[in-house]
Amino acid sequence: MQLKNEHKLQNRIRALTDGAATGLAVLSTILVVAPLVAIFIYLIYKGASSLNLDFFTQIPKPVGESGGGMANAIVGSGVLLGLASLIGVPLGIGGGIYLAEFGRGTKLANAVRFTADVLNGVPSIVMGMAVLAMVVHPEGHFSALSGGVALGIMMIPTVCRTSEEMLLMVPNAVREAALALGVPNWRSVLAITVRTASPGIITGCMLAFARVAGETAPLIFTAFGNSNWSTSLNEPIAALPLQIYVYAISPYDDWHRLAWAGALVLIVLIVLAVSLVRYVTSRGVLKGAS
Amino acid sequence: MVNAKVPEIHISQVQFQPEPQAADGQLPAVAVEASPIRRFLLSRGNSAIADRGFHVLMVLCAFSIFGIVVLIAYELMTLSKLAWGTFGLDFFYKAFVDTYSNQPLYWDPVNSHFSALPFIYGTLVSSFLALLLAVPLAIGVAVFLTEMCPRVLRGPLAFITELLAAIPSVIYGLWAVFVLVPLLREHLNPWLIKLLGWTGFFSDDNPTGLGFVAAGVILAIMILPIISSLTREVMTAVPHSQREAVLALGATRWEMIRMGVLRNARIGIVGAIILGLGRALGETMAVTMVIGNSPEIHRSLLANGSTMASVIANEYAEASSNLHLSALTELGLALFIVTIVVNAFARLLVWAVTRGAPSATH
Amino acid sequence: MGVGIEVTTLNAWYGTNHTLQDINLHIPANHATALIGPSGCGKSTFVRCINRMHETNPIARVTGSVRIGDLDIYADAKPVEIRRRVGMVFQRPNPFPTMSIYDNVAAGLKLNGYNNRRELDEIVEKSLKNSALWDEVKDDLKKKSGASLSGGQQQRLCIARALAVDPEVLLMDEPASALDPVSTSKIEDLIFQLKSQYTIVIVTHNMQQAARVAEKTGFFLNGRMVEFDSTHKIFTNPSDKRTEDYITGRFG
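These protein sequences, in sequence, are chains A, B and C.
Following the numbering used here, the numbering of the first sequence begins with 1 at its first residue and continues without gaps.
Following the numbering used here, the numbering of the second sequence begins with 1 at its first residue and continues without gaps.
Following the numbering used here, the numbering of the third sequence begins with 1 at its first residue and continues without gaps.
Keep in mind that the hints were calculated from the coordinates and are not lab data.
Quick reminder that beta carbons are idealized off the backbone N, C-alpha and C, glycines included.
Any given hint might turn out to be false.
Just a sample of chain A residues kept apart from chain B, beta carbon distances all over 10 Å, derived [claimed, not checked]: (1) Glu6; (2) Asn52; (3) Gln58; (4) Pro157.
Distance windows between CB atoms, simulated [as the list claims (entries may be wrong)]: (5) A:Gly140 - B:Ser112: 16 to 26 Å; (6) B:Ala50 - C:Glu125: 51 to 61 Å; (7) A:Pro138 - B:Val341: 26 to 36 Å; (8) C:Asp72 - A:Met169: 48 to 58 Å.
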């Protein structure tokens, strides 16, 4: 009888533990979701109230004058990201093609894959330092070019790995069909395999793009920032995240407002990109083909 | 297999094709007249050179990844030579002691005293705090998403964690400066001081709300997504049979998760945590914005501090001397090496679980 | 017009697995030749050796010689050149998913640098007519994707794609095994019409199919060719006991 009671008690405890564990898991999920919701609500609340036409058309006003915008930073970010894509997209896709089409199962491919993953974890500020030594010092001044190089280098591993994954999703039968027609391999890879995987590869590029779009640290000492209009590759250039940083740590309320507005613009762009990526990948890489 | 069951009688009903004519056994003597298409195709080369070139080009693209690592290492080493020559290993563990005040002086660009100590300390403390906060939450989320979550919620919740990972550091920093830090200053810090002030870890001498705790909290929020998504990945890699085996013994759901899933996935989870650590060590902008940026070592977690990444962000663009620049670069090099090692280790652990068959971790 | 194929002491390996052993065989021009045998017997490997497709697998290795017409394909040419002369239809229909019907058929020519639009139009039409698909797709040649067709139509599209480059030999690796009976009979009709113009080698699981379409039949077992003779002889009076066992359904 006593044994039976003990057993019952034990089961009660087990059931309670089970409930507690479930509760904790739910609680932690809420705790994780909460900051995101908080950040978004605050961003929209603060950002939307400071966002106006001037923000997109004006350059920053000197301290003390109210108004002004971030037009130069938006354009500057565009220039930097364009430059970064010129470097990161072809090299990244090329690396992905190597991994998926040529290096399958080889030790070299494994080493490339591993290095790309590790490189992904290297802090962006370190990339910036290397670019400072490589581009800024020889040139003697900060420049848009150096900022673009820093961001471009950061795109390569991400683009490379996602391209590889997308190319691997292309069925082998499609490759064989092209080769059996006597199409040269390079043409078959580009016109058939890459083209078939292109919706996925493009989303991979957008993901990398969204990631570097918000990068600030490596720009501090490469692109440097600029409070005037500049689109020259040879001069310091403004960038949206950099401007947000400078304004956020400034002591002026006006600038704080601009920082919020800038952050809202940036996050909207990034969320759009991420949602698009998710939409396309959830539809599958091949179904997107027309 | 269909063919095995074909009865003989069916075959005999088939009308057979007549045998090939006399040509059988010999190649056709008449030259085949080529069509225009055939002639065109025959005129095309075999593209051996183009194929070879394309292959080499793609290999070069792949090698650019090695190139980047080598280039970073080379540039950082060249630029940090001066500091290495001046301070040697002392840079990482010794501090200059001011003869007047008898106080340690860690980082004084004006007088060319450079020591990495306060930054190593700051980096470790903020990262450790972040892990302390993030790991239980991340595992909780992963458990919830893989084992408990209703199917409808799974997609949106996974999407939200993905979004958390996509928010730029500078926006976390912005939010932290204007929302998190005031919150800590007004509510959490006074409470911590009252409750735990006696330990010396929470002293009442920094009225700003900036400092290690603020950095740790914002870092925790930032590394949560990577830890939880990787944990989710390794947990889903645990074969279903493991779960069923435990359930069949009459285990509750939690016991199933603990014994069937977490135990089998633990190496991968450790990998995920280390990967999160790698992120935390190198995270720059948000930390720079809330840690207070003073190159000192304090026992109190509410004091201002500085990390390796934050001091670089603050001073690298305007380094006052070559030695200053070189010392900062040496910090960067150290950060580079540490993050490479940490990431490589973590990747290996995660790979071991998600690649191979169920690993031998019973 | 097709040409004959002369195979001499062909051996093939995948890694350490000796998948073809000492195959000697003459495939006559402008006729259909069927290869039968249980799965894993090497018949698919054999046809892939005829257009050097097996080389796409890095662990594959081949010795011996294959002559197509007067060309020794292992000694005198590169795989690309062989494959332009030897068309192939695979077990599962594999149209290019991103291309329209038209582009699928024209792919072999376009991707080899043939750009004469008027001629391409003609070739596409002719190939689709030859593969008995023209009437079903002529209205949306450039509108519909190749992947939007039914399985049987896709397979005929793949045949049209192979025919567009005007090959001398057409290899078919179980072309109907993934199709329903109606589509299968359409493919068989097609083989019937095509074999006067092309040398056709068809690998099949289905012995009745071999008996219906082929003049010659070869029986493969465990990487060896047990018997090669007229289809009539193989199915009515095989000289090897193993062939008899197989066609009467005693194993397989």
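### Task
Find the hints from earlier in the document that the structure breaks and name them by number, from lowest to highest.
4, 6 and 8
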